[in-house]
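Q: Below are the chains, spelled out letter by letter.
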Amino acid sequence: MARVVLDHVTKRFGDVTAVDDLSLEVEDREFLVLLGPSGCGKSTALRMIAGLESLTEGRIAIGDRVVNDVEPKDRDIAMVFQSYALYPHMSVARNIEFPLRSRKVPEPERGPLVQEAARALGLTDLLDRKPAQVSGGQRQRVALARAIVRRPAAFLMDEPLSNLDAKLRVQTRAELIELQRRLDATVIYVTHDQVEAMTMGHRIAIMNDGVLQQVGPPQSVYERPANLFVARFIGAPPMNTIQGRVLGEGDDTVLATPGGRIPVPAGLGAAARTASTGEVVVGVRPEHLEVDPDGPLEAQVAVIESLGHERHVVCRIGDEPLVIVRQAADEPRPAEGSALRLRAAVDGIHLFDAATGARLEAQA
Amino acid sequence: MATEFVVHGITVTEADRRAAQRRVVRRRVGAVARYALLTVLAIVVLFPIYITIVNSLLSPSQIAARPPVLFPTDPTWGAYADAWNQGSMSRYLVNSVIVTTLIVVAQIVTATLAAYAFAFLEFPFKRTLFLVFLATLMVPFEVTIITNLTTVVNLGWYNTYAGLAVPFLATGFGAFLLRQAFLGVPGDLRDAAALDGYGHLRFMVRVAVPLARPAMAALAVFSFLGAWNQYLWPLIVTKDARYRTLQIGLRQLRATSIDQVNVTFAGVVIAALPLLILLVIFQKQLVRGLTAGAVKG
Amino acid sequence: MTATRFWNRRRREAGLGYLMLAPSLLVFSVFVFYPFLRNFYLGFFRTPPFPGLPQRYVGFDQYREVLTSSYFTNSMRVTVLFALLTVPTGIILGLLLAMLANQQLRGIGWYRTIFSSTVATSVAVASVIFGTLLNPQVGLLPWLGISTTPSILENPKYALLAVAVTTIWQNLGLSFIVMSSGLQAIPDEIIEASEVDGAGSGLRFFRVTLPLLSPTVFFAVVVGSIVAFQSFGQIDLLTQGGPLQKTNVLTYAIYTALRGEQNEGKAAVLSVALFLVTLVLTIAQMRILERRVHYGD
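Chains as they are written, first to last, in this note's numbering: chain A, 1 to 364; chain B, 1 to 297; chain C, 1 to 297.
Isolated chain A (complex conformation):
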């Protein structure tokens, strides 16, 4: 196992910049998730690590080698493709064996290695079947077996779960995490699903439009998003955002929102005043809002979504996009269409510059 380093990596296709000055270090044995919406450059970055795409600028190193011009086969990596890319004309056993054959591993050694990989993924009964004769989930595991049979320095996975149905996806997610822990493997995992990212990664690297937005462990990305994009992307249901104007000075800083004035603690107030245009976006996660008759925010209930163990109260504040409040099932249920007041927990308030989207931090 080894670490992977991206140093100011840029990829341009003609006029389009797919990856813009990406610098990232994946530690040895780390499960790093590259997360982002379609077209954000995460797959391109992965392909550059694999050697399937050339770099326009920058360097990539695997282990202790700079591998910019090294062929994919010499980079000591294995890749699991979104569509699995199994060889349709070969049996499962042959598919798993292929990387060993390619590297001229002597024949007597190949059999046991294939058996071991098959056993690790529960495929021993399927070894003689062709890919077309096994289910989607099993095909995915064949792709994984083919990847692990060689014990490469790093595993690259490109949205491997997206072709599975929801139930299988949850099950396979757990299996993948367990596999990584068992093999102590370095994994770079690309996905657009933030639930996968949050549950699987040691760290998440979020990208948008080719630019790296934030890198960090799931919990810190969740609790301290570096900008508005990350704030809205991570978390389900997503973070609520409300426009606000900064008023007042020092200890009396207040944010004027369409629903009313929210007081902010002094430290955060100073940060708020650094906003370039005096406008901020207030972010509050649904679990940090509560219904409080003395609360500062006026809202009107639009819809109530009942999920059994909890309730989502979807409200309207002025003309803003809908705001969701999470309530435990045992709290009193508001009436649809009624007006109520909300309070935001003080440590649940995030402030972002309305113009740049950057997080406004309290100075230490």
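Hints may be right or wrong, so weigh each one.
To be verified - From the structure, some residues in chain A lie toward chain B, with a derived Cβ separation under 8 Å:
1) Thr10
2) Val66
3) Asp69
4) Val70
FYI, nobody ran anything at the bench for these hints, they're computed from the structure.
Cβ atoms here follow ideal geometry from the backbone N, Cα and C, with glycine treated the same way.
Given the structure of chain A, go ahead and fit chains B and C onto it with the hints provided.
A: Positioned in the frame of chain A, the structure of chains B and C alone reads:
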């Protein structure tokens, strides 16, 4: 020498850099070699066509010159005039156009009607009749020429456009191809059309045919090529320049201008040019028409 | 749809259905099935040496005579040899060009156009070009300073080879297009997976690309063989069956019997032989080769 630079704790030594440079050089040399091979093969493939065009523009004395003239610095177009007029290439071209148009139009019409019936209608013996259509693909043309010649002669169509075109007015392959395309029309569309009161004719013209356009274009290309390039049948069924098609006309031209290579080659260019132009314009349909059936096996 | 509605619909649409099939069926009956069947029948009658005399029924005698003649066995041999020369070579060359032109190089589109260009040439065009180039007086070889006696097309040792080369060149464009389509149908991700798995180009080609290309190759072999057995134009234009019958393929023998000797009976027997040989070959190919074709999922 120690380190060149340090990247996140990875040292890149001089040796590494040289290795990387070697890799880049190797890649560039590989690319040059590939281009060289491609160019050589391209020249080999184009060579006969190139010679043809060049020689059609040379005068007879230039053609006999040694060392050979490789580029027409002083092109003479006389050969083309000869081929066109005395060589009757103009007439042959017209004949080919007429016969090919007849065949292509007829094949598209009959194949569309038959394919529509197979795809959208129910009637007794439908499956058997479809097998009959497919069976025509199994009968090689040579087996039918003897009797077809007699038939055409008896009908008085020897050495006429009718005689040239009539045996090819229908196509089993075309019916098969279009039936596949029609079967791809979603059933919902048919139901919606029926609700709107569309009769079969209207449905065929307004819905089915437009939706099957790629297959129809492919069939058109396929029929066109088949009709245009026909050789054996026109050879047997025509006897003079009035009705000879382009391919047979070329045969005639070569015989009459055996000493004038430039005229022969000019005739070749005239014969090949229409196809070349059409295929440049309709490249995509061409590929589809030629590979219909190839990739799926 | 209920059962009664189905059967009513069948009766209602029968009229329209048959009407739409009628034009095709008419053409097929007169120009495909009737001639096909009549051909067998014609083989039973010996054609008189002078027109006007009646044909004589001889049962299977004529079949026996013609099919055991050395003329026929020579023709069969030449036809098979011709197919062996042109079909595998054409496929291999087409595949080679397709692989070379499948790379991501700048300007590769031009090479692709050049490699497909011969699809615009007909058999007549290609044969006249090569025939003129190989002409001992005015052709290419004297042009290059090489003199051959006798000329290649009149040399019993090389004539068939020359015709084969002409045919291969003419078919190169089509072969390239078909193989390219097959190559492009292979999903990129599978090739990329084999690159990551460590396969060098040799292993990648033989264990991944070729098996996935096998449906296309199979199609090319089957159709190519049928076309090779039906080749006529190039023989007629280049060698007329000679020298010394060394290029007398079956189709040309049929033509000679029909037009040259005016011997319908003999021509009928030969065309029956052609049909049976083609049928047997195609069935054999389907049985033996299709087993080795890997159809992807």
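Q: Can you give the numbers of the hints that this structure goes against, from lowest to highest?
A: Per hint list: single violation, 1.
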